[in-house]
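Asks: Starting from the structure of chain U, add chain A with the ligands where the hints point.
The lines below spell out each chain.
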Amino acid sequence: MFDNKNLSGVVGVTKSGLSAVSIRDVRKTYEGGVEALRGVSLELPAGRITALVGRSGCGKTTLLNMCGAMDFPTSGVVEVAGLVTTGLGDAALTGLRRNKIGFVFQFFQLLPTLTALENIELPLLLAGARNVRATARERLDWVGLPEKADALPWQLSGGQMQRIAIARALVHNPAILVADEPTGNLDTASGDLVLKLIRRAADEFGAAVVMATHSAEAAAIADTRVRMRDGLIESVE
Amino acid sequence: MKTLALARQFVLRPLRRDKLRTALTVLSIALGVAVVIAVDLAGDAATGSFQSSMTSLVGKVDYEVTANGGVDERIIANLTALPVNAKFAAVIEQHVTLAKAGSVTLFGVEQLVDPAVAVVSSDAADRFGWKVDDSIELRGRTFRIQKVITGQNVGWVAIDIAAAQQLFGTYGRLDRIEVTVDPGEDAAAVERLVRATVPAAYEVSSPGARSEENQRMLRAFRWNLRILSYISLLVGAFLIYNTIAVSVVRRRAEIGILRAIGVSARGVLAIFLGEAAMLGVIGSAAGIALGRLLASGLVGMISDTVNSIFITSAPGTVAVSWLSAAVAIATGTSVAVFSALIPALEASRVAPAEAMRRESREHQTRLHVRRDLVIAGAAAIAAIGLSQFGPIDGRPVLGYLATLCAVASAAMISPAFVSAVIRLLRAPLARIPGAAGLIAGRSLAASLARTSIVVTALATAISMMISVGIMVASFRETVQVWLESQLRADLYLRAAGQPSAGIFPPIADEVPGLIASTPGVGDVDTFHAFTFRYEGEQATFGAGVSDIVRRHSTLRFLSGDADSILRSLPGQDRVIVSEPFSNKHHVRVGDVLRIALGNQTAAFTVAGIYYDYSSDRGFVISDVGTLRKYLPKQPVTNIAVYVSPGADAQKVRRELDLRLANYAVSVAPNATLKRAAVEVFDRTFAVTWALEGIAIVVAMLGTANSLLALVLDRRREIGLIRYLGADDGQVRRMVLTEAALVGLLAAGLGLMLGAALSVELIYVINRQSFGWTIQFHPPLELLAGALLLVWIFTIAAGIYPAGIARKLQPVEAVHEE
Ligand SMILES: Nc1ncnc2c1ncn2[C@@H]1O[C@H](COP(=O)(O)OP(=O)(O)OP(=O)(O)O)[C@@H](O)[C@H]1O
Ligand SMILES: [Mg+2]
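First to last, the sequence lines map onto chains U and A.
Take 36 as the starting number for the first sequence in my numbering and just add one per residue.
Take 5 as the starting number for the second sequence in my numbering and just add one per residue.
Isolated chain U, as found in the complex (with noise of 0.2 Å):
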């Protein structure tokens, strides 16, 4: 269904066909001179989902930036869907975006003036996918919202919203799906329905999680958690 060739030839495709995402002592300086990652190491295998916590401002979102081929570390490699990262042109990187990664945010952002099923079309239509209609139909339905298709944003409550980028973080069927903190703006049972939904993104789509969160509910559905602290990684349960 979808063009790889944006990955072909690349270099840096290893071995570790285990894990989605492996990430191997990685080190970020911020220009700043922050030091937001100190020597971390972490595998996030398909199916499973892994839940960062720790206090404000010790890393998480700089690892999910990594896993999601957003950032790049500053010494360290990052390997996602097989692919070092840091080798990758722009033209890689797009490709992996498109095909391999979704993403989900604690302010949902839905492009504002798109309607829901819009909103789930975009990645697919980016990706320059055929039967986009079809496809982001079946997602809106997968999340619950199948009414909802013609609904602009502002229509929609907290928690519909956050379905919808699911739907949308999902809808080409992505190996890495990555949230930051996606209860962090919702009340407990909108976020119950959130977390749901993305329980079975791992279950049903084989997808590996990988999620920063604040929250104990949503810490309690990741089958393993990652304590952070200062850029490092304090303990794995």
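Possibly wrong hints are sitting among the right ones.
As the list claims (entries may be wrong) - Partner residues aside, some chain A positions facing chain U, computed with beta carbon under 8 Å:
#	residue
1	G155
2	G438
3	L442
4	R446
5	A450
6	I725
7	L728
8	Q734
9	V815
As the list claims (entries may be wrong) - Cβ-Cβ distance ranges computed for the label pairs, FRET-style:
#	chain 1	residue 1	chain 2	residue 2	range
10	A	G266	U	E252	39 to 47 Å
11	A	A690	U	R165	49 to 57 Å
12	A	A264	U	E70	34 to 42 Å
Hint data in this document are derived by calculation from the structure and do not stem from the laboratory.
In this text, a Cβ means the ideal position worked out from N, Cα and C, and glycines have one as well.
Replies: Relative to the frame of chain U, chain A with the ligands by itself:
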């Protein structure tokens, strides 16, 4: 004081943060002001120098005595005999062409007794590289330069008056007598006595009057240029409005905080108006400098036009006065403040509670589409109504107002138009790959208020281009058709030298005879033209052989049968007048014109009104016999030669060249004359095109500016679509699609407005300004080409914002709150 400190924080900081946008806004005001100032400066320079100053040679002049067809030389003896303490100086003023070097004003004066010497102005000396004791040739005779008069900004040559009369064959005739009253003498009494002495048909006036008269003749022309120059300022005004509106929308939350900490609504208003005023002052100041530069470029173009269709003058220097600088700053600043009024009021109405709102809702600028459409309808009706009235003081003031109403109407239609078109384009936009069309269309529709302002600004510039394009092309076509019918003779003769409006150098008396006796020559139509005054304005009096004109049917009349009109002229005090003359002086067929000719005042009945596009001064034409009755010595100035049937025109022309070699005449075949006429026409509209171009550039800057604002405001969205898999090219394409869409919308609206304005220009403004009928001939291919070009430029205006969008860091853009 508090407000001032706040303003510094609140105005200067964002302006500095968005350096580029600030610069673009200032530049668009600067360009608008520059065009206005340049047109004025260049207009002044090009037309301000009719009064060829001879004061350093003859001293101060109090009065001058002039007459249509020239002053009788014998009058001067009568004047000198008057018992008054005043000096009377005879003057001849003609134009001479120097071999390949250009032309200068030639004065014949009494002060130079040596008939072989000349005195020249420093300007002429500089221009032609003359020094004292050089020899110069004027109409085939050689003069030695005796003196260069310094400090002259106009080119002239003065020679002895008798030598001048000889040179032009105008024996016994003067162009004017200058009267200088001695100190202590009663000037008014002198004037009374002079008036009593000269024939009643003569005029006694102050020297300034002539200059005023010339300025008056040019007022419509200059007003039209001026109005054209205001277009750029108007386009600039839309952009200021846009800039301030954007900054209000962007800073709603900040404004809310200000209000919450106790700044009054009026304080907020003052802050935003202050911002506009500052942009206005800086922009206008830059505009003055830019305008000064631009004026130097325009002065040549404008003086070309003035010389070819109005009156001969030499361009002066471009000078910015303190007054014009002050006016420019005041204009630019008030345009800026005025344009900012509505968004600033909007800002002052922001409730303190908005500080709490997390997501600033840009798209909520209140729109009242239906109410706006009603206003648009009213403005359109007003435009049509205003077009029904005549000129005021020779200017189509109401026509200009109608134009403004039409622009206002388009501005009011704009939001409805934009949303309707975007809705219509939904399907094709969705077909653009990679969602670029989808997102572009949606975001433009979402920020409708802003989009419609950019579209209106660009559409205004485009409509001017279109309407002026249609007007000029129609005019050109009309002139060409007219030339075909008017120019039927094979060869045309006139005195050698650059042809110029209002100047009719004489042809020697024996020339017509020489031509008639040349083998192969059929009819010879001699024409005697000279400038005369009618109701305080200059016009051209001409006399031709009406029989020949009739037989070759070269004239077309507004009404009546050409044949019988022309048959009624010979032997009668009857004339025909050109359409511009008839419109300017409200003359109808059957009216009687009183015209001073020589010593007498004649009463001519108007037999017909004919189409003419050669001069807006207007013509009055009699039969040559009628002219002779009043001015027996009026020289021939133009000759039209019809080659006899069967004769070879080429051969006749060669023969004439040979026979007339010593008479300083130029012989032009029909085709050459037509071509030259069209060239003059095209040159005339060069300024127009230059001004149009600038308005378009201002609009482009505005488009780039607005697209940039749109990009910066949607940082987060653009960052987001990168997360969702958009590549560099897709982001670029999205912004360029927006640019293309804005261009398309503007072209559509501009086309409609432009078509309406072209009708206004052709049937109201041009007619009232210059008095001629133009047939409607829209140049479709040209317009399509121009629109396409502007559209491409609009897309190009998106390149820079697209680059900025592409370089946005998605991680930062999405996470910034
Ligand atoms: N673009 C950046 N430039 C400089 N420093 C940054 C940047 N982004 C993050 N940081 C710093 O890096 C550290 C880690 O930030 P990060 O956003 O990863 O924390 P987090 O764990 O996601 O926090 P939170 O739970 O509040 O979202 C923080 O000290 C932060 O200030
Ligand atoms: Mg975070």
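Asks: If you check each hint against the structure, which ones fail?
Replies: 1
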